[in-house]
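A.B. asks: Residues per chain, in single letters:
Protein chains: 2
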Amino acid sequence: MKRGRNRELWEFEREMTSNGAEGRVIVGVDGGATSTVCVCIAVPGTAYFDEPPSVLARAESSGSNHNSVGDDAAKLALEKVLADALMKAHRCRSAVQAVCLSLSGVDNTSDQQRMHQWLREVFPGDVKLAVCNDSVAALASGTLGRLHGCVLVAGTGSIAFGVSEDGQTARAAGVGPLLGEPGSGYSISQQALAAVMRAHDGRGPPTSLSKAVLQRLELSSPQELIGWMYKDYSWARVAAIVPTVKSCAAMGDPVAVKVLANAVEELAISVKAVVRRLNLAGENGTKPFPLVMVGGVLEVDNGWDLCAQLVDHIKGFYPGVKPIQPKIEPALGAAMLAWCSCSGLTNSLSG
Amino acid sequence: MKRGRNRELWEFEREMTSNGAEGRVIVGVDGGATSTVCVCIAVPGTAYFDEPPSVLARAESSGSNHNSVGDDAAKLALEKVLADALMKAHRCRSAVQAVCLSLSGVDNTSDQQRMHQWLREVFPGDVKLAVCNDSVAALASGTLGRLHGCVLVAGTGSIAFGVSEDGQTARAAGVGPLLGEPGSGYSISQQALAAVMRAHDGRGPPTSLSKAVLQRLELSSPQELIGWMYKDYSWARVAAIVPTVKSCAAMGDPVAVKVLANAVEELAISVKAVVRRLNLAGENGTKPFPLVMVGGVLEVDNGWDLCAQLVDHIKGFYPGVKPIQPKIEPALGAAMLAWCSCSGLTNSLSG
Chain S
1 MKRGRNRELW EFEREMTSNG AEGRVIVGVD GGATSTVCVC IAVPGTAYFD EPPSVLARAE
61 SSGSNHNSVG DDAAKLALEK VLADALMKAH RCRSAVQAVC LSLSGVDNTS DQQRMHQWLR
121 EVFPGDVKLA VCNDSVAALA SGTLGRLHGC VLVAGTGSIA FGVSEDGQTA RAAGVGPLLG
181 EPGSGYSISQ QALAAVMRAH DGRGPPTSLS KAVLQRLELS SPQELIGWMY KDYSWARVAA
241 IVPTVKSCAA MGDPVAVKVL ANAVEELAIS VKAVVRRLNL AGENGTKPFP LVMVGGVLEV
301 DNGWDLCAQL VDHIKGFYPG VKPIQPKIEP ALGAAMLAWC SCSGLTNSLS G
Chain C
1 MKRGRNRELW EFEREMTSNG AEGRVIVGVD GGATSTVCVC IAVPGTAYFD EPPSVLARAE
61 SSGSNHNSVG DDAAKLALEK VLADALMKAH RCRSAVQAVC LSLSGVDNTS DQQRMHQWLR
121 EVFPGDVKLA VCNDSVAALA SGTLGRLHGC VLVAGTGSIA FGVSEDGQTA RAAGVGPLLG
181 EPGSGYSISQ QALAAVMRAH DGRGPPTSLS KAVLQRLELS SPQELIGWMY KDYSWARVAA
241 IVPTVKSCAA MGDPVAVKVL ANAVEELAIS VKAVVRRLNL AGENGTKPFP LVMVGGVLEV
301 DNGWDLCAQL VDHIKGFYPG VKPIQPKIEP ALGAAMLAWC SCSGLTNSLS G
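Residue numbers (my numbering), protein chains in the order written: chain S, 1 to 351; chain C, 1 to 351.
Hints are not guaranteed to be accurate.
Calculated cross-link-like contacts (lysine to aspartate or glutamate; reagent style EDC-like; alpha-carbon spacing at most 20 Å) [to be verified]: (1) C:K231 / S:D72; (2) S:K231 / C:D166; (3) C:K258 / C:E283; (4) S:K258 / C:D111; (5) C:K287 / C:D166; (6) C:K231 / S:E51; (7) S:K231 / C:D305; (8) S:K231 / C:E266; (9) C:K315 / C:E283; (10) S:K231 / C:E13; (11) C:K88 / C:E13.
It should be emphasised that the hints constitute simulated quantities derived from the structure, not laboratory data.
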């Protein structure tokens, strides 16, 4: 086994007894703009999963969306989280049978190949490797590895992704916040911050967001928001304002309510674009299909249930929709994918 | 005279004969996210200007909005443009009587003080120095130095700024593109790029922007826009797409028309916020006031006259508005400001 790109991360392997390499494992990684999670599971006895497998070890590191944190920081976060999870699982890399990296910001074949090549440097030999967009593992996390239906990820960014019964795929949004991902955590927060500036200079109505956001960011005036916004371009710290927006909406602030209503509508537009292109709801729009929904924006915060509103909205168009909020995290979806012959799957799912 | 922060820029002063320092001059600088312009004028014989003064020398360098290019790059661009203009004017710094830096991104007293301190290192001694937001010099460029009325700057960014007859000031927008400057060049371009992505993934209608924008950026697919957008965070290269948007609108593309109509409405909202707060149009809204309009967005491109649409829109609210499109550039406005006892003026205009 080579030493990896950052040798010190893999030092633990040298200190392992031979016992440490027994019991082969599967590794799944879910990397977003905000954080990266890695889980190890034991190689299962069956080809498919009837229920989610147990997690042997779990590790977390910083964001690994290369568009957000840059290529080098993304790779370092990934190598750290891989090493950390394997160390916790008491396994060397030689015990790894398959790895699936499921990453936001991996949007085309060239991104995929670049990351695949890098992953091969960390796991040389015959370890099965797969790299896919994070939406693919998110779908798998709701369907126990069966890739059919639509998934909506609404975290720092947002993306809708779907697979038809005949294996066709489609995606919508997932273009990063600067190219328009309305409904994402970044976009919701950015609109809230813009509303604070509009209230401040008279372009827009007063809003309770002003006080709440400034308090949340420990700033004393809207003018200070300008310096705050441009001192650091990471998307996650902006998206972190979403619970404050939900809290203001729950208290009845019309500006906050409007921002969140707009998010619901735009997330629904993304889902509808995918469902329509793949004909998931059939010709008359009533056929059942799974809709897996993940990400912080869809969690209930301060009494505001954006997910329920979204499901209501989508049911108006597609009464057969079967909403699924996975109990397991996307990294475990990535591990299940890695097992379900992920290399073949993700080749066809690079979209 | 000290040697400045980057000595090599000022080498020319050592080679100057004593004649080179004769004839005192005033220096005006206009710094935006895209470029920085510096002009030198001769110290005039009168306290005010009846017509724009002649330009002795002019120099141009890269952007100097510290929020966009960073503090160090901004200062280097400024020092370069100052040295270059003085070299072209055949003057040493000892011939300079006053300097006014008019900069986008200078939004509060702390920004102003920091830049003032830096400028003092470049021009030690008793040279009169002033630092203000770029909107102040833009107003001066339309009013020959008399600070009254409203100015709208719509370039890479957008800001409305006004001064009432009793010296009160107000501003709207000017918060940088991430905090919402609808109607700015960046925002128009960003909406056009988002529309291309929406057309691509089925969230929005087809638009001729897709072909036109990809051709303009020499990309072969909408998917490649993602890499293009995130490889470089400078705002100017995004804003440079505006003429393409205007061209599509002029050819009748409804998506491009909508983006530009939205820009007109939002720029009008900024102007109205300032006019209302300063009561520039009087109680019944009919009192005459000057509206100075500058920036690339307001120029006629490919037959699309956004400025005329905006004036029509504003006249609907304020029939007394007197639109002025200055024939001179904002840097010359900054030089006129520098002469009109700028230090006193800009202190009260820091808003």
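A.B. asks: Indicate, hint by hint, whether the structure satisfies it.
C.D. replies: Structure-based check of each hint:
1. The straight-line distance between the Cα atoms of K231 of chain C and D72 of chain S is roughly 14 Å, inside the 20 Å bound, and the hint therefore holds.
2. With a C-alpha separation of about 36 Å, the suggested pair K231 of chain S and D166 of chain C falls outside the 20 Å cut-off, and the hint is violated.
3. Restraint check for K258 of chain C and E283 of chain C: the C-alpha separation of about 33 Å exceeds 20 Å, so the hint is violated.
4. Between K258 of chain S and D111 of chain C, the direct Cα distance comes to roughly 34 Å. Violation of the 20 Å bound is thereby established for this hinted pair.
5. Of the pairs offered as hints, the one joining K287 of chain C and D166 of chain C holds, with about 15 Å between alpha carbons and a cut-off of 20 Å not exceeded.
6. Between the alpha carbons of K231 of chain C and E51 of chain S the distance comes to roughly 41 Å, so the proposed pair goes past 20 Å and is violated.
7. Between K231 of chain S and D305 of chain C, the direct Cα distance comes to roughly 36 Å. Violation of the 20 Å bound is thereby established for this hinted pair.
8. Only pairs whose Cα atoms come within 20 Å are accepted, and K231 of chain S paired with E266 of chain C is rejected, the gap being roughly 26 Å.
9. For the given pair, K315 of chain C sits about 16 Å from E283 of chain C by alpha-carbon distance, which is consistent with the 20 Å threshold.
10. Straight-line distance between C-alpha atoms of K231 of chain S and E13 of chain C comes to about 37 Å, which puts the hinted pair past the 20 Å bound.
11. Taking the CA atoms of K88 of chain C and E13 of chain C, the gap is near 11 Å; set against the 20 Å cutoff, the hint holds.
In summary, the numbered hints that this structure violates are 2, 3, 4, 6, 7, 8, 10.
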